[in-house]
Amino acid sequence: MRAAVVVFPGSNCDRDLAVAFEQAGADVTMVWHKDSELPQGIDIVGIPGGFSYGDYLRCGAIAANSPICKSVAAHAGRGGYVMGICNGFQVLTETGLLPGALLRNAGLKYICKTVGLKVVTSASDFTAGYNAGDVIDIPIAHHDGNYFADAETIATLKGEDRIAFTYTDNPNGAQADIAGILSENRRVLGMMPHPERAADAGHGGTDGVALFRALAGALTTA
Amino acid sequence: MKARVHVMLKNGVLDPQGEAVRHALGAMGFDGVQGVRQGKVIELDLAEGSTQADVEQMCEKLLANTVIESYTVEMV
Chain A
1 MRAAVVVFPG
11 SNCDRDLAVA
21 FEQAGADVTM
31 VWHKDSELPQ
41 GIDIVGIPGG
51 FSYGDYLRCG
61 AIAANSPICK
71 SVAAHAGRGG
81 YVMGICNGFQ
91 VLTETGLLPG
101 ALLRNAGLKY
111 ICKTVGLKVV
121 TSASDFTAGY
131 NAGDVIDIPI
141 AHHDGNYFAD
151 AETIATLKGE
161 DRIAFTYTDN
171 PNGAQADIAG
181 ILSENRRVLG
191 MMPHPERAAD
201 AGHGGTDGVA
211 LFRALAGALT
221 TA
Chain B
223 MKARVHVMLK
233 NGVLDPQGEA
243 VRHALGAMGF
253 DGVQGVRQGK
263 VIELDLAEGS
273 TQADVEQMCE
283 KLLANTVIES
293 YTVEMV
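Chains A and B, in that order, give the protein sequences.
Residue 1 is where the first sequence starts when you use my numbering, and the numbers rise one by one after that.
Residue 223 is where the second sequence starts when you use my numbering, and the numbers rise one by one after that.
Here chain B stands alone, though its shape is the one from the complex (with noise of 0.2 angstroms):
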């Protein structure tokens, strides 16, 4: 089984790459573009019974800074 991991700064937390993102978009013609946030995502290859809580303890513990960044999980 599979878990896909989203990470995302929070809203509030500036996020400068994003905000070059839209104005390079901008420069290239792609109008209406308001806003850019830009995160990763983490994909967990787990053994069979691991379960969405698993997930979220790693989460917590490594893949994302609570401080800054905000999580969602998918088991896939």
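With the rest of the complex left out, here is chain A (with noise of 0.2 angstroms):
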């Protein structure tokens, strides 16, 4: 597996999710978001979490019109495979690659602890680690993590099988206790938690691996 992940200006997750990356046994190539093009022959790009571009305007929205979003959104429009985290989620939905947004928390504070995680689909690549109805303990730590859309979006959602993860206990507001989707083709993951900080022992939690390993499985290159 070939992986890519993008840093913007305030990310602060890039290093977390390359070292996840590795430990699956992916080369990683880190991409800074002046860059235009992806690196040659790349499986999946990241996008990490953190604040890029200190949050201004909306999360995520200067980062989607940035150079390397232009590239990204090709790969996935290729089929390549993208994976968005907490501001990377927020970037995704700004770039049209995922439906809805990402509002404030319904409490209005920012919000740092694990929280519990139903597995809703394991057909994708991404979830296919972990049996759908599993319950898993992943870190949020987030300020804008209520995830929005319309009625109809939401049902096309769940229709689709496209809900990858939701919380047990509805933390932040998120309409139909959203955490994670998924696009059409099931190729671009958008989740709030971070699987990259729970996966190592020394992170007090290990849940995450499962995903990184799946991914790795999938994208292994004969």
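Treat the hints as calculated values from the structure; they're not laboratory data.
Any given hint might turn out to be false.
What the hints assert, rightly or not - Not the full set, but computed from the structure, chain B residues with beta-carbon under 10 angstroms of chain A:
hint : residue
1    : Leu231
2    : Leu236
3    : Glu241
4    : Ala242
5    : Ile264
6    : Leu268
7    : Ala286
8    : Asn287
9    : Ile290
On a predicted model such as this, the values are computed, not experimentally measured, just so you know.
Every residue gets a Cβ at the ideal spot worked out from N, C-alpha and C, and that includes glycine.
Build the complex from these two chains, which are given one at a time in their own frames, with help from the hints.
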């Protein structure tokens, strides 16, 4: 698996994500936001958490219009894999690669804690390492993680089995308890919780490992 | 020339910041505030000849997220 991790000014989970990919066996290249092309032969692009461009205007809005994001959108358009975590999820909704938007948490507070996530579908290369219905413990750390989409979009996500994860105890007001969603071709995942922060015994939990291992298994180049 | 863009959360989208402001006003003794919606104002300095349609394009592409926000443009 060849992975690229995009670094924006203000990204702060980029190295954690790179380590999680590496521990699953990936070759990882860090890509700067001003680069206009991804390296050749990349299987998956990771958009990390953090505060790209200081969250100016709206979380993820400026990043979504940066030079590298055009290339990320083209990669997704060719059927390439993309994974956005936390701020990365916000960026993916702003680019339109995933539907909906992330609003301010309903309780107005920044929340940093480990939460229970229900794996809603195992039918994706991101979630194939879990069984549908499994509950895993993954940290969240966000101020704007309240997933919003119109009723029609929520119905489509449910109908097409594109909700990847839901919160067992909704911390932020997200519609339908949504913590993570998949694109129509199931190759783009956006999620607010941080699996890369539950990927090593030193993190206090390893429930995120199965996600990276499943990806590495699916994307191993023969 | 200048343009002023008002960006507001759409009706039906919960505005927790507006709600917090409403609660605070009530607690301060300002009775009768039934709702507060908080948005933002963006002022643009534009080259002569810029049109309202140009600014609307900017709103669609960057200044507003039309999934959750509505906008109005005022040329001043």
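Each hint, compared with the structure:
1. Leu231: Constraint on Leu231 (chain B) satisfied, holds at 8 angstroms.
2. Leu236: holds, 7 angstroms
3. Glu241: The hint holds - Glu241 (chain B) has a Cβ within 10 angstroms of chain A, the shortest such distance being about 9 angstroms.
4. Ala242: holds, 6 angstroms
5. Ile264: With Cβ-Cβ at 9 angstroms, under 10 angstroms, it holds.
6. Leu268: Violated: closest Cβ of chain A sits about 18 angstroms from Leu268 (chain B), beyond 10 angstroms.
7. Ala286: holds, 9 angstroms
8. Asn287: Where the cut-off is 10 angstroms and the nearest Cβ of chain A is about 6 angstroms from Asn287 (chain B), the hint holds.
9. Ile290: holds, 5 angstroms
Of the numbered hints stated above, the single one contradicted by the structure is hint 6.
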